[in-house]
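Student: Here is how the chains run, residue by residue.
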Amino acid sequence: MSEFPFADPFFGLSWLDAIIRIVIVVLVMTLVVVYLTYGERKVVARFQMRLGPTRTGPIGLLQGFADAIKLLIKEDVRPRNADRWVFEFAPYLTFIPVFLVLVALPFAQDWGVRNLALGMFFVFAVLGLNIVGVLMAGLGSGNKYALLGGVRAAAQMISYEIPLVVALLAVAMVAGTLDLNAIVGMQDSRPFILIQPLAFVIFFTAMLSELHRAPFDIPVAESEIVGGYFVEYSGIRWSMFQLAEYASLWAFSIFGSAIFLGGWAFPFGEDWGWGWQLVLTLIKSLIMIMLIFWVRATLPRLRMDQLMSFCWKALIEVSFALLLVNGLFLYYDWPEPILAAVNWVGAILFLGGIYLRAARKPSTKNLVGSYKHAEVPNP
Amino acid sequence: MTTEVLWWIFAVAIVAVSAGVVFARTVIHSAIFLILSLAGVGAMYLFLTIEFIALVQFLIYGGAVTVLILLALMLTRMGIAGRPEPTTGVQAPFGALVAAGLMATLIGVAVSTAWPGDLGQNAVAVSIENIGEQMFQNFGAPFMITAALLLVAFIGAIVIARQEDED
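Protein chains in written order, with the numbering used here: chain A, 1 to 379; chain B, 1001 to 1167.
Check each hint, because a few of them may be wrong.
[Unchecked claim] Listing some non-contacts, in silico: residues in chain B with all C-beta distances to chain A over 10 angstroms:
1) Val1015
2) Ala1019
3) Phe1023
4) Phe1052
5) Phe1058
6) Leu1059
7) Thr1066
8) Gly1095
9) Ala1100
10) Ala1110
11) Ser1112
12) Asn1138
13) Thr1146
14) Leu1149
15) Ala1153
[Claimed, not checked] Examples of chain A residues lying across from chain B (beta carbon under 8 angstroms, computed):
16) Ala117
17) Phe122
18) Phe124
19) Val126
20) Leu129
21) Ile158
22) Glu161
23) Leu339
24) Val342
Keep in mind that the hints were calculated from the coordinates and are not lab data.
Note that the structure is predicted; figures quoted are calculated from it, not measured.
Every residue gets a Cβ at the ideal spot worked out from N, C-alpha and C, and that includes glycine.
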């Protein structure tokens, strides 16, 4: 298969080169995941005026490894009424899509596992498969809470995939390509977040939802459905869900920082070599991850009906409007600063609208289903 | 050579999981086999070097099969996960008739159509620009008519499924 171009194959063998790159990326990913779990506990602890892990190693730095060893030696339990094959394969099906996404990410100039001409589209397509694993876990566990979690996750992920894809397509229209490396290369003087802030806002919101992060952690809500679709898993299989969750957090952050924050290109371009580019990619992905943790520590969880109506009544409309506006600007060749200005106005209006909506007392009229009789206390 | 071996492996796998769709005892298992089968077809598109169609296959059917599972969950009497349920009833002979008729039609069409000439050993890579131009310029009107049709079906589905508050 030689249709995928790549920069400089090791030893001139494309399959050996692919294997070596995959192994490097996966090893780095595992290390990143171990430290992301540590980092999340530490950051969220600080937000809540606690210390977080401190005992294992200096300032708790080895906590992740201790947890990993504990999970590996834990017993792998399968409930008797679980659907055996569905239950056992579900963790792999949640993990494989994330693993595939890593293939297309640009870590430095022309340095990913593979540089695909349809890179952005590949990322959407593959991430969409994640839902199947989650739903299989929910259905196969033979547990009502797991089933509820799986069904919630499916509804949420299918809905939020639409604004995510449309917002990214709006950026791809401005960039004129779907090749992630080319998109990053265009941003050496200005990152796309300056031109397309509204797309960034939509992308970030939809990303939180796709990742099941707070305030959209409804499928895994501990206080409502005790952990959601992976409630019956333990030991190594549970840790695969955890690995998939944090790996997709990292993959999404690199993907988002490549598209909106300029990835390896901004602000030094090609001049400073691939070492700096790697550092830039990591710093930008850490900024995204920090934002996600910050949101998690700040906002309370939404209700299921709020979640769905926010997606279908706000995000999708705004993202289609954005697509239309970008199309007009590109068709008539109007200058980029005006496009940026219109987008900034849109982003500020949208965020302001969300803020005002959140600040006033929520309406209890027109609620559906079991929320019909919800009482809202006065603030 | 390598491609050919891989092609045969995938071909056998697709037939096997497609048989699984038919013979699985529960709807959920059928749906899971179905997504494996569709993913195998996606891999076939990769062998034909049309990555775009392969990715569309993954993107669309990943979500579609999930919705199918949800519908199966809501519309069938599914007990605890994994328990087999009767999948035949009085309608079985009619189902067999429809299936046989569809298969006969498909085979008849496939055999009787005059397919354009073989592309030869080297399939041509189709660029995304080319696809976009064909879809939005040369075939713009059918594309928009399809979009309008889907929109009407979508709104209709919402209207039918909407729960009116009566109590």
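Student: With reference to the structure, classify each hint as holding or not holding.
Tutor: Hint check:
no., hint, in the structure
1, Val1015, "20 angstroms, holds"
2, Ala1019, "16 angstroms, holds"
3, Phe1023, "14 angstroms, holds"
4, Phe1052, "6 angstroms, violated"
5, Phe1058, "4 angstroms, violated"
6, Leu1059, "4 angstroms, violated"
7, Thr1066, "5 angstroms, violated"
8, Gly1095, "25 angstroms, holds"
9, Ala1100, "30 angstroms, holds"
10, Ala1110, "28 angstroms, holds"
11, Ser1112, "33 angstroms, holds"
12, Asn1138, "18 angstroms, holds"
13, Thr1146, "17 angstroms, holds"
14, Leu1149, "18 angstroms, holds"
15, Ala1153, "16 angstroms, holds"
16, Ala117, "7 angstroms, holds"
17, Phe122, "6 angstroms, holds"
18, Phe124, "6 angstroms, holds"
19, Val126, "6 angstroms, holds"
20, Leu129, "4 angstroms, holds"
21, Ile158, "5 angstroms, holds"
22, Glu161, "7 angstroms, holds"
23, Leu339, "21 angstroms, violated"
24, Val342, "23 angstroms, violated"
In the structure shown, a violation is registered for the earlier hints numbered 4, 5, 6, 7, 23, 24, in ascending order.
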